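**Student:** Build out the structure end to end from the sequences listed, making use of the hints.
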Amino acid sequence: NAGVMQNPRHLVRRRGQEARLRCSPMKGHSHVYWYRQLPEEGLKFMVYLQKENIIDESGMPKERFSAEFPKEGPSILRIQQVVRGDSAAYFCASSRTAGELFFGEGSRLTVL
Amino acid sequence: KNEVEQSPQNLTAQEGEFITINCSYSVGISALHWLQQHPGGGIVSLFMLSSGKKKHGRLIATINIQEKHSSLHITASHPRDSAVYICAVRVPSGGGADGLTFGKGTHLIIQP
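Line by line, the protein sequences give chains A and B. If you're matching positions, the first sequence starts at 45 in the working numbering and goes up one per residue. If you're matching positions, the second sequence starts at 52 in the working numbering and goes up one per residue.
No lab work stands behind these hints: they were computed from the structure. Given the structure is predicted, the values throughout are model-derived calculations rather than measurements. All residues carry an ideal CB built from backbone N, CA and C; glycine is no exception. Do not take every clue at face value.
Unchecked claim - Across the chosen pairs, the derived CB separations fall in these ranges:
#, chain 1, residue 1, chain 2, residue 2, range
1, B, His158, A, Lys115, 38 to 46 Å
2, B, Arg131, A, Leu156, 47 to 55 Å
3, B, Phe69, A, Glu107, 47 to 55 Å
4, B, Ile111, A, Met49, 27 to 35 Å
5, B, Ser102, A, Gln94, 26 to 34 Å
6, B, Gly108, A, Gln61, 43 to 51 Å
7, A, Gln94, B, Lys106, 43 to 51 Å
8, B, His120, A, Asn97, 31 to 39 Å
**Tutor:** Given below as structure tokens:
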């Protein structure tokens, strides 16, 4: 049973480009959470999704950021027109119910 | 607003020492997580607890709900325990639908 898989592990983008981060939850998990960890700061909640539904996106910036979790395939966090301040580690976690979380290895975005 | 405070922020110890990391929070919670993050690595969930004490190998986690305080102990510490340890609390509301609010982490270094 593979763990939570995130890719890419590292992503470099220039300002104005788009970044797409993927997360495949653990088998049998239908709850997916995205967190952002800025340099020298703690983890911050961004969005919580269940299959095909966004449950809570209160932690997501209102512009340029979007997330989806389609019926088939991984969850995707999309950042349009990236800026330097988007440089961070983005972690995905999954759970079967609102219980124990299992985290991925993270995707580290660097915006030049 | 729920605040999660960890202490110490940084801790350096010698191999074999008994380690204690503390976490205090300000509002009532339903559960508390201890997470481990290695440099440049992913996040591993160590414990989820809502009362009492849990033990896994050389790691012990305790929580005192009345005092709003939890401790993570490492017995017979080893250099491979060097990591950032993060406390996260689940509140019934707030912090996103998953209700998690994170501490900033404790940077632990175990020297051989």
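**Student:** A separate judgement is required for each hint: does it hold in the structure or not?
**Tutor:** Results for each hint:
At about 41 Å, the beta-carbon gap between His158 of chain B and Lys115 of chain A stays in the expected band of 38 to 46 Å. Against the hinted window of 47 to 55 Å, the Cβ-Cβ separation of Arg131 of chain B and Leu156 of chain A comes to about 34 Å, which falls outside the hint. Under the hint 47 to 55 Å, the C-beta atoms of Phe69 of chain B and Glu107 of chain A, about 49 Å apart, fit the expected range. Between Ile111 of chain B and Met49 of chain A the beta carbons are some 31 Å apart, a value that agrees with the proposed interval 27 to 35 Å.
In this structure, Ser102 of chain B and Gln94 of chain A meet the distance hint of 26 to 34 Å, their C-beta atoms being roughly 28 Å apart. A C-beta distance of roughly 44 Å is found between Gly108 of chain B and Gln61 of chain A, which places it inside the suggested range of 43 to 51 Å. Checking the proposed 43 to 51 Å range against Gln94 of chain A and Lys106 of chain B shows it is violated: the Cβ atoms sit about 33 Å from each other. In this structure the hint that His120 of chain B and Asn97 of chain A lie 31 to 39 Å apart at CB holds, the actual value being about 36 Å.
In terms of the numbered hints stated before, the structure departs from hints 2, 7, listed from lowest to highest.
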